[in-house]
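Number of protein chains: 2
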Amino acid sequence: MQFLLDKTDGPARLGRVFTDHGVFHTPAFMPVGTQGTVKAIQPRELEEIGAEIILGNTYHLYLRPGTEILEQSGGLHKFNGWKKPILTDSGGFQVFSLSELRKISEEGVQFRSHLDGSTHFFTPENVVDTQRSIGSDIMMVLDECTPYPSTFEYAKRSGELTLRWAERCLNRFRETEGLYGYTQALFGIVQGSTFPELRKFSANGLVGLEFDGYAIGGLAVGEPTEAMYEMISVCTEILPENKPRYLMGVGTPENLLEAIERGIDMFDCVMPTRNGRNAMLFTSHGNLNITNAQFKNDFEPVDAKCGCYTCQSFSRAYVSHLFRAKEILGLQLATIHNLAFYQTLMKEARHAIACGEFAQWKKQRLFNQEEVTEYI
Amino acid sequence: MQFLLDKTDGPARLGRVFTDHGVFHTPAFMPVGTQGTVKAIQPRELEEIGAEIILGNTYHLYLRPGTEILEQSGGLHKFNGWKKPILTDSGGFQVFSLSELRKISEEGVQFRSHLDGSTHFFTPENVVDTQRSIGSDIMMVLDECTPYPSTFEYAKRSGELTLRWAERCLNRFRETEGLYGYTQALFGIVQGSTFPELRKFSANGLVGLEFDGYAIGGLAVGEPTEAMYEMISVCTEILPENKPRYLMGVGTPENLLEAIERGIDMFDCVMPTRNGRNAMLFTSHGNLNITNAQFKNDFEPVDAKCGCYTCQSFSRAYVSHLFRAKEILGLQLATIHNLAFYQTLMKEARHAIACGEFAQWKKQRLFNQEEVTEYI
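Just so you know, the sequences run in chain order A and B. Residue 209 in the numbering used here is what sits at position 50 of the first sequence, and the numbering runs on without skipping anything. Residue 279 in the numbering used here is what sits at position 120 of the second sequence, and the numbering runs on without skipping anything.
In case anyone wonders, no lab produced these hints; they're calculated from the structure. We put the CB at the ideal spot given by N, CA and C, even for glycine. One or more of the hints may lead you astray.
Computed list of lysine-lysine pairs in DSBU-like fashion (alpha-carbon distance at most 30 Å, straight line) [to be verified]:
| hint | chain 1 | residue 1 | chain 2 | residue 2 |
| --- | --- | --- | --- | --- |
| 1 | B | K522 | A | K242 |
| 2 | B | K464 | A | K243 |
| 3 | A | K237 | B | K243 |
| 4 | B | K359 | A | K237 |
| 5 | A | K237 | B | K198 |
| 6 | A | K464 | B | K198 |
| 7 | A | K242 | A | K166 |
| 8 | A | K198 | B | K198 |
| 9 | A | K243 | B | K455 |
| 10 | B | K522 | A | K198 |
| 11 | A | K485 | B | K198 |
| 12 | B | K315 | A | K455 |
| 13 | B | K243 | A | K464 |
| 14 | A | K198 | B | K485 |
| 15 | B | K359 | B | K166 |
| 16 | A | K198 | B | K166 |
| 17 | B | K359 | A | K198 |
| 18 | A | K521 | A | K506 |
| 19 | B | K242 | A | K464 |
| 20 | B | K455 | A | K242 |
| 21 | A | K485 | B | K359 |
Now the stretches of chain A that chain B is said to cover, found in silico as 3 or more residues with beta-carbon under 8 Å [claimed, not checked]:
| hint | region |
| --- | --- |
| 22 | 198-204 |
| 23 | 220-230 |
| 24 | 236-244 |
| 25 | 406-418 |
| 26 | 474-484 |
Input sequences plus hints: build the corresponding full structure.
If you want it as structure tokens, here you go:
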């Protein structure tokens, strides 16, 4: 994997990440493909809307279909038909949010499957092995996503454990190879809750280990937005210029633009897909709940400025009807549009950085959006 | 609407139906778009698999979104983005199968909505009006779908009522015009349960009224398959050569081929879409329940002979995984494949008729299919 930083505009960065499955342009938004599919959308449609990399969840893929079937298939790309880059998380986040009876120790974390209650054990080493079986282009280290709020003491111990785990992941990564004839990269994850001192400790520790890229985890977990932005800046000031920076699990369009302005290159979030399935549509002039009565006979497109299949082919009235009638097509069209909205946002952000006009563009973009959100 | 009979091969017919929204080739299978969408598939995908006409359900569309919104939209084609021909049923079938407290009289049928319990009244005249609002290319008369089994007496009275309603529909049809600048056609419906004498009475009565085409209703409602085939022959021997013939709500691939051999031109059925959503996939060598354990690590396509997106892009193992994981994409891929299977079946049937080899082709097709269905 190679990262080229093409341009900066203040801390905002325009770049390209080259993998054996092709290049993706940063700032990049990665649609979330939890169980080996981005929900309610086909790989060819993801390409159509401009997605260049998707995310897979190691926890889910490990439990189902399992590494044996993924290996027999020749890796996740061959299994799910997505030929471009894939990033996988380590599974740690889902262990802490979904599974039962988890028990964390120096060695790793024991948990029970949310599917059948069976007991499993994740270690820094075996999550690398699992991601080797998955064959993702970018793998993540095992971390503890420090809960918010945490005491300084808890966050410190948790951050230190995450750092030790990161080193063990890196060792396993260096002593193994990809299973399918292409190379994989490994990113470290900065933790430290909302304590600048701990974030600095974590970031500096990881930088010393020399990962292919660096993620910032443990944000957007309930802390005030301003604290999130502050932590991002604390981290990006330390992280090396020549490696991509990935803010995990974030966020709203506004969050993304604020984070780009603070030097973030990569994002993932379930918001566009999950909110879409709940009838919430993003538009360039605010968010719509498409089931609202006012859209029953609104024959305009969801977003007149959007070039996606949904907006080019159907009216708000039709999408509204599909949601009222509980039709699967409604979920499909909402997913296509919301992901297209996020991809377009990233494309425009990249263009603004290329032109050296990021701050100005961001202000205008957020202004347009807030204005009409109020009226709706 | 114009029907051209291009070739016959015994009673089997090859033809074309010309409408203001384009031509469709017969024998034709119409995917069912109950609530203004064929479930889990996009209009562009329906075109991709070769569908040339779809069906809409007047009962559902009348209740939701309702004729007011359909009229404001400029008709169903503009509302749902399907630019090719649409046929609508009259709503009668759903009144009898879905609604509550229905009360049938000479005037029409009163019923309660299955959605909110509200009371409505369908008459031969107002179902034509509703289909004018929908703007379907082919409209159907209001009929009573005679239940099976029925006594001769009941079937006789029911068939006579359906015939009187057909004439009233035709009168309303002739004294009104399409709302959107294109023409619409009206088909009569033969009833008569499994009584040849009643089928003949009904068919002869309708032929005297001169409809644009003729449907055969009240079959595949529980009667023995042989009785269904016999009734089809009784009807097609009477129905005029120069008008299309539509067998309503049928059926399995075998049913379709047997009916084509008896002179049927058009079909609709929820089987490919509904069964697909229940993990049952049609293939050229038998049906698969894709959730069966044997498919977990079967990396062949669903049907190696099929050219659809599902078969060209994914394995049985992946589709099986999607169903196990309850992913919407599984429903999408199964729907695309099953409808493609039906469209391919019709395409091959048309080719066989064109070559004068229908009987021989049909035998081989059904043989291939039965052989492997047993082993699976």
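Results for each hint:
| no. | hint | in the structure |
| --- | --- | --- |
| 1 | B:K522 to A:K242 | violated (41 Å) |
| 2 | B:K464 to A:K243 | holds (27 Å) |
| 3 | A:K237 to B:K243 | violated (36 Å) |
| 4 | B:K359 to A:K237 | violated (58 Å) |
| 5 | A:K237 to B:K198 | holds (28 Å) |
| 6 | A:K464 to B:K198 | holds (28 Å) |
| 7 | A:K242 to A:K166 | holds (27 Å) |
| 8 | A:K198 to B:K198 | holds (16 Å) |
| 9 | A:K243 to B:K455 | holds (24 Å) |
| 10 | B:K522 to A:K198 | violated (41 Å) |
| 11 | A:K485 to B:K198 | holds (10 Å) |
| 12 | B:K315 to A:K455 | violated (44 Å) |
| 13 | B:K243 to A:K464 | holds (27 Å) |
| 14 | A:K198 to B:K485 | holds (10 Å) |
| 15 | B:K359 to B:K166 | holds (25 Å) |
| 16 | A:K198 to B:K166 | violated (46 Å) |
| 17 | B:K359 to A:K198 | violated (52 Å) |
| 18 | A:K521 to A:K506 | holds (13 Å) |
| 19 | B:K242 to A:K464 | holds (23 Å) |
| 20 | B:K455 to A:K242 | holds (22 Å) |
| 21 | A:K485 to B:K359 | violated (42 Å) |
| 22 | 198-204 | holds (count 6) |
| 23 | 220-230 | holds (count 4) |
| 24 | 236-244 | holds (count 3) |
| 25 | 406-418 | violated (count 0) |
| 26 | 474-484 | holds (count 7) |
Of the hints listed earlier, those the structure fails to meet are numbers 1, 3, 4, 10, 12, 16, 17, 21, 25, in rising order.
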